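Sequence lines, in order, name chains A and B.
Per my numbering, the very first residue in the first sequence carries number 1; after that it's consecutive.
Per my numbering, the very first residue in the second sequence carries number 1001; after that it's consecutive.
I should point out that these hints are in silico values taken from the structure, not numbers from a laboratory.
Owing to the predicted nature of the structure, the values given are computational and were not obtained by experimental measurement.
Careful: at least some of the hints might be erroneous.
What the simulated footprint calls covered on chain B by chain A, stretch by stretch (three residues with Cβ under 8 angstroms from a Cβ of chain A suffice, anywhere in the stretch; the number is not a length) [as the list claims (entries may be wrong)]:
{"no.": "1", "segment": "1026-1038"}
{"no.": "2", "segment": "1041-1049"}
{"no.": "3", "segment": "1053-1064"}
{"no.": "4", "segment": "1071-1084"}
{"no.": "5", "segment": "1094-1106"}
Listed next, with one range per pair, are the computed distances between beta-carbon atoms [as the list claims (entries may be wrong)]:
{"no.": "6", "chain 1": "A", "residue 1": "A57", "chain 2": "B", "residue 2": "A1106", "range": "34 to 44 angstroms"}
{"no.": "7", "chain 1": "B", "residue 1": "R1029", "chain 2": "A", "residue 2": "R29", "range": "16 to 26 angstroms"}
{"no.": "8", "chain 1": "B", "residue 1": "R1029", "chain 2": "A", "residue 2": "V122", "range": "17 to 27 angstroms"}
{"no.": "9", "chain 1": "B", "residue 1": "K1101", "chain 2": "A", "residue 2": "S51", "range": "30 to 40 angstroms"}
{"no.": "10", "chain 1": "B", "residue 1": "P1066", "chain 2": "A", "residue 2": "I30", "range": "16 to 26 angstroms"}
{"no.": "11", "chain 1": "A", "residue 1": "S10", "chain 2": "B", "residue 2": "D1057", "range": "51 to 61 angstroms"}
{"no.": "12", "chain 1": "B", "residue 1": "E1098", "chain 2": "A", "residue 2": "A126", "range": "47 to 57 angstroms"}
{"no.": "13", "chain 1": "B", "residue 1": "P1066", "chain 2": "A", "residue 2": "Y16", "range": "31 to 41 angstroms"}
{"no.": "14", "chain 1": "A", "residue 1": "I30", "chain 2": "B", "residue 2": "T1109", "range": "14 to 24 angstroms"}
{"no.": "15", "chain 1": "A", "residue 1": "A53", "chain 2": "B", "residue 2": "T1109", "range": "26 to 36 angstroms"}
We put the CB at the ideal spot given by N, CA and C, even for glycine.
One-letter residues, chain by chain:
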Amino acid sequence: MTEAKTRPLSPHLSIYKPTITMTMSIVHRITGMGLYAGTLLLAIWLIAAASGAAAFAPVQHFIASPFGRLILLGYTWAIIHHALGGMRHFIWDMGAGLGPERMMLARLTLIGSLVITVGLWVLGYAVR
Amino acid sequence: MNSTSTMKTPMKRVRGLGSAHSGTEHFWRQRLTALANIPLTIGFLCVVYATLGKDADAARAVLARPFDAFIIGLFVISGVIHMKIGMQVIIEDYIHGEGSKIIALALNTLFSLAIGAACVFAVLKLTFGA
Chain A
1 MTEAKTRPLS PHLSIYKPTI TMTMSIVHRI TGMGLYAGTL LLAIWLIAAA SGAAAFAPVQ
61 HFIASPFGRL ILLGYTWAII HHALGGMRHF IWDMGAGLGP ERMMLARLTL IGSLVITVGL
121 WVLGYAVR
Chain B
1001 MNSTSTMKTP MKRVRGLGSA HSGTEHFWRQ RLTALANIPL TIGFLCVVYA TLGKDADAAR
1061 AVLARPFDAF IIGLFVISGV IHMKIGMQVI IEDYIHGEGS KIIALALNTL FSLAIGAACV
1121 FAVLKLTFGA
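Same shape as in the complex, but just chain A (with noise of 0.2 angstroms):
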């Protein structure tokens, strides 16, 4: 393996300036990473339901603690800012997006996901 060490690496993500598309192309894996450990609460509270009211209560409650909305919050705007980056995927998919208005595009899922978001929780507030 020290052989291995020794050899030039091609340039990385270390080297270059950040760029809005770069970053958002990051998060959409970081944000698909946390609904994959996401999916674990999903089964928890479906688990919890299906056991029964007494196994289901303590669930909900701790959802509705602080804590508790804060990662739905946060699961709230992964979730929404992945499928927003999932579209602007479908938009390259068709030969599309691909020339300067890729930073417009950026921006909207940026944009886009935090205000879904806020709009989804207000809705929930007041629904509830």
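Here the structure of chain A is known, so what remains is to put chain B in place on it, guided by the hints.
Quick look at chain B alone, frame taken from chain A:
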């Protein structure tokens, strides 16, 4: 394409499976589940909204309604397939040791299967009652 310019047999080229031996199957399935995830996420959010502010019994009753259970089930299945492929791509990108890569890929498959099975089982139990 001129067949003399390549050593591939016509059959190999038609199959188009390339070095991953599975061709574009993962790419296509990732896009298909991504597309399905958009309406299913909206549907799942609607189910969650319906449970807000309800006590445990009333919230369970919401999840047990056939259509709500159906939406959650589809959301979980499509989501789990999508996340399994996504995590596989991440593993293949960052884990280079052959042994650790195979272990990580296996754990990814098992985790996704376990989550999917647990969620679907829970939803079925809720909706069919017990």
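Here is how each hint holds up against the structure:
1. 1026-1038: holds (count 5)
2. 1041-1049: n = 3 at 8 angstroms, threshold three: holds.
3. 1053-1064: holds (count 7)
4. 1071-1084: holds (count 5)
5. 1094-1106: violated (count 0)
6. A:A57 <-> B:A1106: 34 to 44 angstroms: Because 37 angstroms falls inside the window, the suggested range holds.
7. B:R1029 <-> A:R29: 16 to 26 angstroms: holds, 18 angstroms
8. B:R1029 <-> A:V122: 17 to 27 angstroms: violated, 35 angstroms
9. B:K1101 <-> A:S51: 30 to 40 angstroms: Because 37 angstroms falls inside the window, the suggested range holds.
10. B:P1066 <-> A:I30: 16 to 26 angstroms: violated, 36 angstroms
11. A:S10 <-> B:D1057: 51 to 61 angstroms: holds, 59 angstroms
12. B:E1098 <-> A:A126: 47 to 57 angstroms: holds, 53 angstroms
13. B:P1066 <-> A:Y16: 31 to 41 angstroms: violated, 52 angstroms
14. A:I30 <-> B:T1109: 14 to 24 angstroms: Holds: the Cβ-Cβ distance is about 22 angstroms, inside 14 to 24 angstroms.
15. A:A53 <-> B:T1109: 26 to 36 angstroms: holds, 34 angstroms
Violation of the numbered hints given earlier is confined to hints 5, 8, 10 and 13; the remaining hints are satisfied by the structure.
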